[in-house]
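Engineer: Protein chains in written order, with my numbering: chain A, 1 to 409; chain B, 1 to 348.
Because the hints were derived from the structure by calculation, they are not lab data.
Only a predicted model underlies this, so the values are computations on that prediction, with no experimental measurement involved.
Certain hints may be false.
What the hints assert, rightly or not - Think about it this way: if two alpha-carbon atoms lie no more than 25 Å apart in a straight line, the pair counts; the simulated BS3-like pairs of lysine-lysine are:
id, chain 1, residue 1, chain 2, residue 2
1, B, K131, B, K218
2, A, K158, B, K131
3, A, K119, B, K44
4, A, K187, B, K67
5, A, K187, B, K44
Said to hold, decoys possible - The following residues of chain B were derived to be distant from chain A, with all beta-carbon distances above 10 Å:
id, residue
6, E40
7, H150
8, A211
9, K223
10, E250
11, E289
12, F305
13, A310
14, L313
15, A325
What the hints assert, rightly or not - Simulated DEER-style distance windows between Cβ atoms:
id, chain 1, residue 1, chain 2, residue 2, range
16, B, P215, A, L396, 22 to 32 Å
17, A, P373, B, W348, 34 to 44 Å
18, A, T312, B, A268, 58 to 68 Å
19, A, R247, B, P215, 47 to 57 Å
20, A, P369, B, P324, 53 to 63 Å
21, A, I241, B, F271, 42 to 52 Å
Beta carbons: idealized from backbone N, C-alpha and C, even for Gly.
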Amino acid sequence: MSSPEQWAQPDQGAESAATAGQPSPDQVIAGLRATTEGGADLIQLLTPEGERVESPIFDPYVADVDDASLRELYRDMVIVRRADREANAMQRQGQLGIWVPLLGQEAAQIGSGRAMRPKDMAFPSYREHGVGYARGVDFKELLGIFRCSDQGQWDFAKHRFHPYTIVIGNQVLNACGYAMGQKFEGKVGNPEADGGDENEATICYFGDGATSQGDVHEGFVWAAVYDAPLVFFCQNNQWAISEPTERQSRLPLYQRARGYGFPGMRVDGNDVLGCLAVTRWALDACRNGNGPVLIEAFTYRMDAHTTTDDPTRYRLSDELEAWKLKDPIERVRAYLTRNGGADADYFAEVDNAADEFAAELRDFCFNMPDPPPERIFSNVYADPSPVVDAQREEFLSYLDGFATAGGER
Amino acid sequence: MAAPAKSANSATVNHPEAPSSVQNLTIGKALNLGLRKAMEEDDKVILLGEDIGKLGGVFRITDGLQKDFGEQRVLDTPLAESGIVGTAIGLAVRGFRPVCEIQFEGFIFPGFDQINSQLAKLHYRTQGEVKVPVVIRVPYGGGIGAVEHHSESPESLFAHLAGLKVVSCANPVDAYWMIQQAIKSDDPILFFEPKKLYHSGALKAPVDTAATPEPLHKSRVIKQGTAATLVGYGPSIKVCLDAATAASSEGTELEVIDLRTLSPLDLAPVFESVRRTGRLIAVSEAQSESSITSEIVARVQQECFYSLEAPVLRVTGFDTPYPPAKLEEHYLPDLDRVLHAVDRTLDW
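Bound conformation, chain A alone (with noise of 0.2 Å):
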């Protein structure tokens, strides 16, 4: 039985082995099947139904997440799923130009994001609202790409989290050059007695899609060479808008790691205690000057790539189906359910705190007044630039020619 696991290292005694042109029926079963199944590597510490598995590599990385830890990541969860909802409906109903949901991929973005250091940093890509929302970003700071009135406006520095990048792959290079900046200032593998505490590390955001890019590929590389402090983190959510994973890969993406030379695991990206647990193992690594790692985190794209795109054209329900019983929120659920960390009075005061969030946000958005006209023309550079400043002074005085005239501006 061929599985993805095998074609990476074909058996040279096979009679008739497969080629790159021609692969074998079972190869590409097996790569349909890679789309759902998360393989015999997935690391898991909390399955679909809720129950704790024990891992002696990982478990001592979560050995701090007690019920109260737990049910405040649950909490993260459904407030970040709540405003997912909420942005997408207001994108429905006109208020935002686009909305990039994140639904499914809650676990695998607050699980990573509540691994980080205050002093890490962050780089998403432009789906990464659940990690900003844990580097403390405001989820309303978030609104004005998609409602196009602003391209990013959150403190970068303070919550160490970087613009969003939406050119595919570019940002990783970004974080890659950022990372090897924390080595060249000795904030890396400083020894805890010497504090250690300053180490440092950065994490990387991009997708199944993006892993065909060359920045991608690159930005591996260059991480290797100058042992880099960098965290991959990739979200496989099994589509790039319509195109599958296996359009972008016939090898598991956490294998890639291995022709790179840095470790590469793949994490259950729907089970938040395994991707704190993985990412806080990578962020340690490389703070101790062993980066860089890969983290391929297996989750799914619950809803469309974005407002705009419409999944039913090329992808079966029953996927979604199956999906939707590896929700990443029930099974925390279950398990505080089933263990005594929470009641019904605790889960529906989150709700309500969710539903306090979203209205919140709804009534930021439907207020969000639009830019002046001068935001065209300011900042293009640090320094004035006589060409733009004159087209400014052309253009407003072209303007003022209307208020003038009677007419509103």
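Using the hints, position chain B against chain A.
Structural biologist: This is chain B only, laid out in the frame that chain A set:
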């Protein structure tokens, strides 16, 4: 432009009568010294590029810098131009002032995406919260008898990008100062270097390292004249000056302007000159269509309409890919083609 040095064969030998802060340098050596100075003054300045360490760069512009500043400040990078630009951006976000070397201009295009999508736009996207003070040094231009992709002039492609600044030096004094000013600038800058002239002994000039430099984004009248104005930049400046010298011997005094900054363009000295001479010829190795020279023509006709005695002419590379180098003497603007244009504008 200074006359060639008489006594100094070594770039480091001082001019006999000059103060000790004056050295007689080629463009290449002036760039090397400018980079060294910038690295001494600010330990956040780091260099990235292919073969720039032990080898000192294929043109030796970074010669000796890795030896003196170490491998963490002069990085021999993997062979990946998007990686060079992309990591430089990340380093800049971290607080460094990276200076990238692209080995030849024809190899910059794997990095074009990072230059256009991130480098040029991060400051605007974040409304100034994120600054990316990255300098990208690009040896450019032809005339070196090279194979394909080693002789091009792609500067207009970069000048077209809002958020990016583009400059080009044409003499050792500018090379020394402009590279330091570019590194100090908080804006990302493409720094185009005329590779053919790097080691030209004829262009050696005394560089006073104690002098006060002119601002980076200003063009400059480098020879005064009355009959017509020649405007160029980078490798074309030598051609313009040679043409002016030849014309002068026949009694025609041409004014020559070195643009120095291609984005933002500083055309005020050009307008002022055209209002006096009434005639303008723009010279570049880059092809003419949708180029720096097109922009000059457009703006001069707008600002100097009633002063023009003749249409603005251009002497440029042709709108073809760069030809096999056996043909480059025909492709590149030279003394004769410039003088031919001078005759045409004067006879108009």
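Engineer: Against this structure, judge whether each hint is valid.
Structural biologist: Okay, the hints, checked on the actual structure:
1. Of the supplied pair hints, the one linking B:K131 and B:K218 holds, its CA atoms being roughly 23 Å apart against a limit of 25 Å.
2. Of the pairs offered as hints, the one joining A:K158 and B:K131 holds, with about 15 Å between alpha carbons and a cut-off of 25 Å not exceeded.
3. Straight-line distance between C-alpha atoms of A:K119 and B:K44 comes to about 20 Å, which keeps the hinted pair within the 25 Å bound.
4. This hinted pair checks out: A:K187 and B:K67 have alpha carbons roughly 24 Å apart, not beyond 25 Å.
5. Pair hint A:K187 plus B:K44 holds up; C-alpha atoms about 15 Å apart against a cutoff of 25 Å.
6. Listed as outside the interface, B:E40 is consistent with that label: its C-beta sits roughly 17 Å from the nearest C-beta of chain A, beyond the 10 Å cut-off.
7. For B:H150, the requirement that its beta carbon stay farther than 10 Å from each beta carbon of chain A is met, with the minimum near 23 Å.
8. Once the 10 Å rule is applied to beta carbons, B:A211 is consistent with being away from chain A; the minimum gap is 22 Å.
9. The beta carbon of B:K223 sits about 25 Å from the closest Cβ of chain A, which is more than 10 Å, so the claim that it is off the interface holds.
10. Non-interface call for B:E250 relative to chain A: holds, since the shortest CB-CB distance, roughly 37 Å, exceeds 10 Å.
11. B:E289, annotated as away from the interface, keeps every beta carbon of chain A farther than 10 Å; the closest lies near 21 Å.
12. For B:F305, the non-interface assignment is confirmed: its Cβ lies about 17 Å from the closest Cβ of chain A, beyond the 10 Å cut-off.
13. Even its closest Cβ contact with chain A, about 27 Å, leaves B:A310 beyond 10 Å, as expected for a residue assigned away from the interface.
14. Taking the minimum C-beta to C-beta distance to chain A, about 24 Å, the non-interface status of B:L313 holds against the 10 Å cut.
15. At roughly 30 Å, the least C-beta separation between B:A325 and chain A is larger than 10 Å, which holds for a residue marked as non-interface.
16. Checked against the hint of 22 to 32 Å, the C-beta distance between B:P215 and A:L396 comes to roughly 26 Å, which is consistent with it.
17. Under the hint 34 to 44 Å, the C-beta atoms of A:P373 and B:W348, about 43 Å apart, fit the expected range.
18. For the pair A:T312 and B:A268, the beta carbons lie near 60 Å from each other, so the given range of 58 to 68 Å is met.
19. The beta-carbon spacing between A:R247 and B:P215, approximately 52 Å, falls within the hinted interval of 47 to 57 Å.
20. The hint said 53 to 63 Å for the Cβ distance between A:P369 and B:P324, and at roughly 59 Å that hint holds.
21. The hint said 42 to 52 Å for the Cβ distance between A:I241 and B:F271, and at roughly 50 Å that hint holds.
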